[in-house]
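Q: Sequence:
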Amino acid sequence: LWPWLLASSGLSALIQLVTLPFFPDSPSYLLIQKGNEEACRKAIRKLWGEGDHQSEIDDIMKEKGAMASTKTLRVLEVIKERSLRWQLYILMTVMTTLQLCGINAIYFYSFEVFRTAKFEEYLIPYLSLGVGLCECLSSILCSTLIDRFGRKVLLWGGYTLMCSVLALLTMTLSLQHRFFWMHYFSVILIFLFVVFYGIGP
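Counting with mature numbering (1 follows the signal peptide of the UniProt record, and there is no 0), you get residues -17 to -1, 1 to 184 for the letters of the sequence shown.
Treat each hint with caution, since some may be false.
Distance condition first, Cα-Cα at most 20 Å in a straight line; then the derived SDA-like pairs of lysine to any residue [said to hold, decoys possible]:
(1) Lys45 <-> Arg24
(2) Lys101 <-> Met154
(3) Lys25 <-> Phe6
(4) Lys101 <-> Tyr167
(5) Lys63 <-> Met75
(6) Lys45 <-> Glu20
Here are the computed distance ranges between Cβ atoms for each label pair [as the list claims (entries may be wrong)]:
(7) Glu33 <-> Leu128: 33 to 39 Å
(8) Leu71 <-> Trp(-14): 43 to 49 Å
(9) Gln82 <-> Leu158: 26 to 32 Å
(10) Gly48 <-> Val77: 29 to 35 Å
(11) Thr99 <-> Thr79: 27 to 33 Å
(12) Trp(-14) <-> Ser9: 32 to 38 Å
(13) Trp31 <-> Arg57: 34 to 40 Å
(14) Leu138 <-> Lys63: 26 to 32 Å
(15) Tyr167 <-> Val136: 41 to 47 Å
(16) Pro108 <-> Gln16: 42 to 48 Å
(17) Gln16 <-> Glu64: 23 to 29 Å
Calculated directly from the structure, the hints in this document are not laboratory data. As the structure is a computational prediction, the values presented were derived from the model and not from experiment. Heads up, the beta-carbon is just placed ideally off N, CA and C, and yes, glycines get one too.
Can you build the whole structure from these sequences, using the hints too?
A: Right, here's the structure in full:
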């Protein structure tokens, strides 16, 4: 079953490869990058149907004007630019915490935790599939929550809950040989960690 599951991602890529030539170019790409207003109007009509789309074209022209007045900076120039310093710090912090949050360790050791919890060997791949499904569903949920609460709240809340779950998981893994039910609590915590990761970071 696993080879077929791995191959299924290639199927979606193949479908995209075959259908992509039939999709119209982006109107903003045609107008801003290519400078072809007629092709832009044609693409807009193909995407949104017949009608007066002058307001959309005006918006794209404003975007083109804003891009023309914005200077493109090299990496070294971005680092040296004082006005961008805080944005750069925030971006580096978010990216670093995302890499070091522990999600890779959870995925790597989840098989071992499931085995220790005395689950049948044939069930363990399905539990791992459930962990991945949890991340997928929580990412979809995040897209609805981000409009209501904002990115900052989800980041702080996600990282706080993930830290709490990791602390509890460390405790349950340390005590799993003393209490038989700790194994199952560890499994629940793994699922919770993945959910909070998907909602937050």
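Q: Does each hint fit the structure? Answer for all of them.
A: Against the structure, the hints come out as follows:
At roughly 16 Å between alpha-carbon atoms, Lys45 and Arg24 fall within 20 Å of each other, so this suggested pair holds. Of the supplied pair hints, the one linking Lys101 and Met154 holds, its CA atoms being roughly 19 Å apart against a limit of 20 Å. About 13 Å separates the Cα atoms of Lys25 and Phe6, which keeps this hinted pair within 20 Å; it holds. About 9 Å separates the Cα atoms of Lys101 and Tyr167, which keeps this hinted pair within 20 Å; it holds.
Restraint check for Lys63 and Met75: satisfied, since their Cα atoms lie roughly 15 Å apart, inside the 20 Å limit. With a C-alpha separation of about 14 Å, the suggested pair Lys45 and Glu20 falls inside the 20 Å cut-off, and the hint holds. A C-beta distance of roughly 37 Å is found between Glu33 and Leu128, which places it inside the suggested range of 33 to 39 Å. At roughly 44 Å, the beta-carbon separation of Leu71 and Trp(-14) lies within the given 43 to 49 Å, and the hint holds.
Checked against the hint of 26 to 32 Å, the C-beta distance between Gln82 and Leu158 comes to roughly 29 Å, which is consistent with it. Range check, Gly48 to Val77: Cβ separation about 31 Å, and the 29 to 35 Å hint holds. Roughly 31 Å separates the CB atoms of Thr99 and Thr79, a value that falls within the hinted 27 to 33 Å. Remark: the range hint 32 to 38 Å for Trp(-14) to Ser9 is upheld by a beta-carbon distance near 35 Å.
Under the hint 34 to 40 Å, the C-beta atoms of Trp31 and Arg57, about 37 Å apart, fit the expected range. Hint check: Leu138 to Lys63, Cβ distance near 27 Å, so the stated range 26 to 32 Å holds. In this structure the supplied range 41 to 47 Å is violated for Tyr167 paired with Val136, their Cβ-Cβ distance being about 31 Å. At about 46 Å, the beta-carbon gap between Pro108 and Gln16 stays in the expected band of 42 to 48 Å.
Roughly 25 Å separates the CB atoms of Gln16 and Glu64, a value that falls within the hinted 23 to 29 Å.
Comparing the model with each earlier hint shows a violation of hint 15 alone; every other hint is respected.
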